[in-house]
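> Residue numbers (our numbering), protein chains in the order written: chain A, 2 to 334; chain B, 2 to 334.
Keep in mind the hints are simulated off the structure, nothing from the lab. Just so we're clear, the structure is a prediction, and the values are computed from it rather than from any experiment. Treat the hints with caution; some may be incorrect.
Note: identical chains are not told apart, hence a pair may lie in one copy or across any two.
Unchecked claim - Simulated pairs of lysine-lysine, DSSO-like, Cα-Cα distance not exceeding 27 Å:
1. K242 <-> K101
2. K34 <-> K160
3. K273 <-> K68
4. K160 <-> K273
5. K81 <-> K68
6. K23 <-> K81
7. K207 <-> K333
8. K23 <-> K160
Here is what each chain is made of, one letter per residue.
Protein chains: 2
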Amino acid sequence: MPEIRQNRATKEWVIIATERAKRPDDFQAREEKIPVPAFDPDCPFCPGNESRTPGEIVSFRQAGTQKDKPGWWVRIIPNKFAAVSPGVELMRETEGFFLKMGGYGRHEVIIESPQHNLSLGNMRLKQVEEVCLVYRERYIELSAEKDIKIVIIFRNHGKAAGTSLVHPHSQLIAMPLVPTHIRHLLEEATRYYDDHGSCVFCDMIKEELEFKKRVILETESFVAFSPFASQVPFGIWIVPKEHNAGFGNITTDEAKKLAFILREVLSRLHTKLSDPDYNLVLHTAPIRDSNEDFYHWYIQILPRLTTPAGFELGSGVYINTSLPEETAEFLKG
Amino acid sequence: MPEIRQNRATKEWVIIATERAKRPDDFQAREEKIPVPAFDPDCPFCPGNESRTPGEIVSFRQAGTQKDKPGWWVRIIPNKFAAVSPGVELMRETEGFFLKMGGYGRHEVIIESPQHNLSLGNMRLKQVEEVCLVYRERYIELSAEKDIKIVIIFRNHGKAAGTSLVHPHSQLIAMPLVPTHIRHLLEEATRYYDDHGSCVFCDMIKEELEFKKRVILETESFVAFSPFASQVPFGIWIVPKEHNAGFGNITTDEAKKLAFILREVLSRLHTKLSDPDYNLVLHTAPIRDSNEDFYHWYIQILPRLTTPAGFELGSGVYINTSLPEETAEFLKG
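Bound conformation, chain A alone (with noise of 0.2 Å):
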């Protein structure tokens, strides 16, 4: 019997559709995929290439090696065809009716590895931990800018997923507003906080951690599960177990843990699911939202399995066709 879950944080609602529910293993991908090498001589994000990329912000490298040289491990640049730029003036404009602003802002690549041929989930340890501290790095040096109101961590994982460079990199939008869809999910999390003096992100938590049935992964600091009313087959939220509702709160060790999970998680869906294309997007709230007691910040995992369409973009209610227990079963071992 199909059925429709509510998230109780962003109160979407899910068709856990079981008619056409399918195994976990029938979204393992089929194609054979063409090997990657460790370097291409084509690639923007390749060592040797730095010309090729605006000049970097911020790098871990070598020492004795030059900026915009080789001998980084991690580089960040200025993403070349930027959505958002620091030379716009921010300035509220209507034309007639509509309303508009300068396209304010910093868009940001990080590049998470010289490697061309890796991933967050097949990197070393060591690597994926640089990769997190320069998150939280960036993170808090772009809160601190004037007129940026929020900073939004993504990254873009095969041609599914939006992206057409293979070299492993996430990116960063640190954007002058606060989005109305982000608007609303703090709406709603008031609103539980008005009904229940908690936070429903960390009442959420301690449900999923007793009955452990969409508990994937469970660490001292962090825990990964599969949502109750995930949108997708094989989301995954990834939510510190301490209440904290803005990234640029955690520590450098947090940050060090978060490259635990993840890296585990991102490596097990590689393994069992042959590497299928993600998004993985870092929710956390605005900037002034950061000490809130109604949010919390995680990481949400979307494998791009299945096709969002027309009724998934008009209603807003995604059609799933896995159960979350299912993945977590599959995922746990």
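Given chain A's structure and the hints, the job is docking chain B onto it.
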């Protein structure tokens, strides 16, 4: 310079990324399309294969022909892999912290033509009229059903839009709840009404018709334009010029007029962009809000020329690499 535009009706922000902007021609499909035959013996929607689908709910067919046999020109059937189903008990249930309900509802397929290789943009007008009349008929019929709160009509065209079946068809899902996303849209529209005493969509149409720079086509009753804050390249709205919150209020005459503009717009998309994949969604107020002053039904066409990635999924803010004004110019002639 990039700019951030607000859709005043939905309050959603869109980044118009002019640095990445492409000319309309750049979106033309490059791949050679494989010719599709007018009849496919393996297609469950082709005439003669009626027994391979669930039994028809209603059809328009030649006098003297039998139910579930050839002779129809529009045929409505339950979706074989229904996301929701009328046989499920509508019961809210908590599972500890979590909330779910039975997947009650209707999920139907509207087979738009017996001919396998047509689409709404290249059928005869008479046939598209029949499709719009059947949209109206099913909408009214299902709106009257107990516990149905909203009826969503949509169409997925092409693989990138989430369909694997080539045969021309639309779908509808009648649901026992108002999706959170739509509740938020209603709230935003209500707020606008509070401030202005007018429907935000009506005001938007007035403005578009005055300045004309985003208008693609205007008829006696409808206007097609590329919205100021279009989320995707070649996004198009087709809106009734007269205020009307609920699709079920339209007359049969209006349904025919809708068919004309819909066919014309889809035909231009087809010709000028070499048959792009797209989703079509009929947005309408929930049934009980069908006569409200603050909402307006409309059709949204979302070509799938780009892939929404982590940033869009996480923030709800889309990056659009084309200018709505250029879209209108391109599709106008």
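> Classify it for me, K23 with K81: is the Cα-Cα distance of at most 27 Å met within a copy, between copies, both or neither?
between (40 Å within a copy, 15 Å between copies)
> Within a copy, between copies, both or neither: where do K242 and K101 come within 27 Å Cα-Cα?
between (39 Å within a copy, 25 Å between copies)
> Given a CA cutoff of 27 Å, do K160 and K273 count as a within-copy pair, a between-copy pair, both, or neither?
both (19 Å within a copy, 26 Å between copies)
> If the cut is 27 Å between Cα atoms, do K273 and K68 qualify within a copy, between copies, both or neither?
neither (39 Å within a copy, 47 Å between copies)
> Have a look at K23 and K160 and pick one of within, between, both or neither, based on CA distance no larger than 27 Å.
Both ways: K23 and K160 sit 23 Å apart in one copy and 20 Å across, limit 27 Å.
> Indicate which option fits the pair K207, K333 if close means a Cα-Cα distance not exceeding 27 Å: within, between, both or neither.
within (18 Å within a copy, 56 Å between copies)
> If the cut is 27 Å between Cα atoms, do K81 and K68 qualify within a copy, between copies, both or neither?
The answer is within: 17 Å in one copy meets 27 Å, while 60 Å across copies does not.
> Using 27 Å as the alpha-carbon threshold, which applies to K34 and K160: within, between, both, or neither?
both (12 Å within a copy, 21 Å between copies)
Consistency with the previously given hints fails for number 3 only.
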